[in-house]
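Undergrad: Spelled out from the first residue to the last, the chains are:
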Amino acid sequence: MNKRRLHNSLIVLFLTVSAVSMSAASGYTGAQIMQQVYDRPTPQDQSGELTMILENSRGDQRVRTIEQYIKEYDDSSMKIMFFTAPSDVRGTSFMNYSYDEEGRSDDQWIYLPALKKVKRISSGGSSDYFMGSDFTYDDMGQRTPGSDIHTIVGEEVLDGRKCIMVESVSKDTDYMYSRTVTWVDPESWTGLQKQFYDEDGDLLKQLTVISTEEINGYTMITESVMHTIQKDHRTMMSLDELILDAGLDDSLFTTRTMTRGVR
Amino acid sequence: MTVRKTLIVLLLIATASLSYASDIFMFGEVTTETGVILTEELSSSMLQNTFDLKFEYSGSDSYMLFNPVVSHSMDREVSLDVRELYADIYFNRMDLRIGKQQIIWGKTDGLFITDVVSPKDLRQFLLPDFKDVRMGVTAVRADYYVDDITFEAVWIPVFTPNRLPEASSPWNAQSIDFSGSDQDIAAELMNSELFARISLYSSNLDLEVVGGMMWDDEPYPVGPETFDHARLGVLGGSLSTEVAGLILRGEAALYTGKPFRVSTVSLDHIEKDYLHAMVGIDYRSGTMMVSTQFIEKVILDYDQPLVADQWNHTMTLLVNREIPSQHLDLKLFTYLEFDEFNALISPSVNYDLSDAINMGIGAHLFYGETGTFGQFDDQDLIHAEITLSF
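For the protein sequence lines, the chains are A and B, in the order given.
Throughout the first sequence, residue numbering follows the numbering used here, covering 11 to 273 in sequence.
Throughout the second sequence, residue numbering follows the numbering used here, covering 13 to 402 in sequence.
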């Protein structure tokens, strides 16, 4: 009896999912939707001021202000960041070379003005949290769609925009999340909300896009919040003074710039 | 003395006012720290208020830094040190820095192998923050850039030795009076110190090769309460790379012409060359960092007995855990010396009360009878500090 009921439930679930998939995606599969998100045009380079507000469960806030420069290449990207606030980290800089090549870890250096030397640091893993925030390095990067199996699981309206919900399960069984669910706006192919589930399948954290801006034809996420629900800790991240496709020179991404700043 | 204090305050006020009237940016920190030596009397070793100010001007092709540090301690008068005061001029492929500056080389943490350009303030041994241990030197420094390679030259026209503890200081184990130890080094061109470095930072490997003609920052006795400094040559290098998620570091230097005492009952010395080398590994996982270093110092051509052993083996261990959600930073740094085993164990906890206020407590625990750290076995210290950054 129980087996029969389970069987019937699975048929209903399959039909529901199929119906949702067909209607919501207008012919797109989950993988195609995530590919569209991945292929959304992005600038070759960008600079701007990144502000992170870290807030713990008691409501205590810490504010980090960072001047950042990013340049994309066909198979790699370079990023250099200068901490401008709070004052005790002023002058600290961080540089990262990231590679698309499978298995190749990032190169990272840090310059601490008190030590007055550039130091190579371990890139650790993509599961490391960025500067004490709720974002891992993986959360902040563009995850290749081919790394996951994607399934459309529903539709929902967010801020008046009809979104497609896509569940992504990593092909790598050791991946830090058992699954993620992304709310994708098919008008702009932008993920507006994302939920991350831990290894036990429990909701770990939620990313919510607060605002986006159209700059030079690109849809840029300028304000977002990552809320780690299990610790009730959140990071508000905003990007200001964005300059896109300015033709940043390669010489910007060197240890010389780390020690003396951008001139 | 009141005049001196007034002058210091007026100087700081005048400089600070410049930051409001121009493009000069001012920031810094105020620190109050206290330390207690763990003897039966719990004698206080340190009670110090420090006002560490930085004024910087940043232009498109120039930069200037003025870093005065005002200290007031329980047993010392108000003192004004200028940690750094320099100007940078930036060219297309070259940077020039002129003035009093800290110059820090090498890949070793907590010890000095090729990092010998700036002398050290050892009045409180190696216990203060290393930004306070390293002293500025008046120098002209030029960096020339060719792709990933930097050629660097440093000229130090006036010798500055290590600043050593007074004879009455608990950090002067043998109560030696070092005053006047740098009197013999006249400020002449021939007495200049010269250093050069070639460094490479690439995606696979960071590499430095260094060389120099220098004065030994550490004095050696040539008579009763009379000291001299030896002219040394140095040639060395360092590297770091990442392998399987680990940072591997190495550094080595050969020093020539270092005087070593022949016997404890005489002041006779003999010049020897020695090799100083380090291998280290850093491991990071999330907010946890573990780093260890193995350091060897060996006197070459050790063909007769000397007061110093031929070999010296040292190890350091750093364990650092940050807990961002609680604004906590836990750290344990340890020096271990294996010849007549002795050690310094320094645990500390720091808490960010806000973005501007940091509080810390910690200890420096010495173990052993003799050796670099064991000689201070009765100087175990606990300390606490609060820092306001602005």
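Be aware that a few hints might be false.
Stated by the list, open to error - Derived lysine to any residue pairs resembling SDA-like cross-links, with alpha carbons at most 20 Å apart: (1) A/K126 / B/V81; (2) B/K66 / A/A256; (3) A/K127 / B/V170; (4) A/K241 / A/D138; (5) A/K129 / B/K143; (6) A/K126 / A/T161.
Hints in this document: simulated from the structure, not taken from any laboratory.
Undergrad: State for each hint whether it applies.
TA: Outcome of the hint check:
Simply put, A/K126 and B/V81 have alpha-carbon atoms about 18 Å apart, close enough for the 20 Å limit, and the pair holds. Taking the CA atoms of B/K66 and A/A256, the gap is about 33 Å. The hint is violated against a cut of 20 Å. Proposed proximity of A/K127 and B/V170 is contradicted: the alpha carbons are some 24 Å apart, above 20 Å. A hinted pair counts as satisfied when its Cα atoms are at most 20 Å apart, and A/K241 with A/D138 qualifies at roughly 16 Å.
Between A/K129 and B/K143 the CA atoms are separated by roughly 16 Å; this keeps the pair inside 20 Å, and the hint holds. Annotation: proposed proximity of A/K126 to A/T161 is violated, straight-line Cα distance about 50 Å (limit 20 Å).
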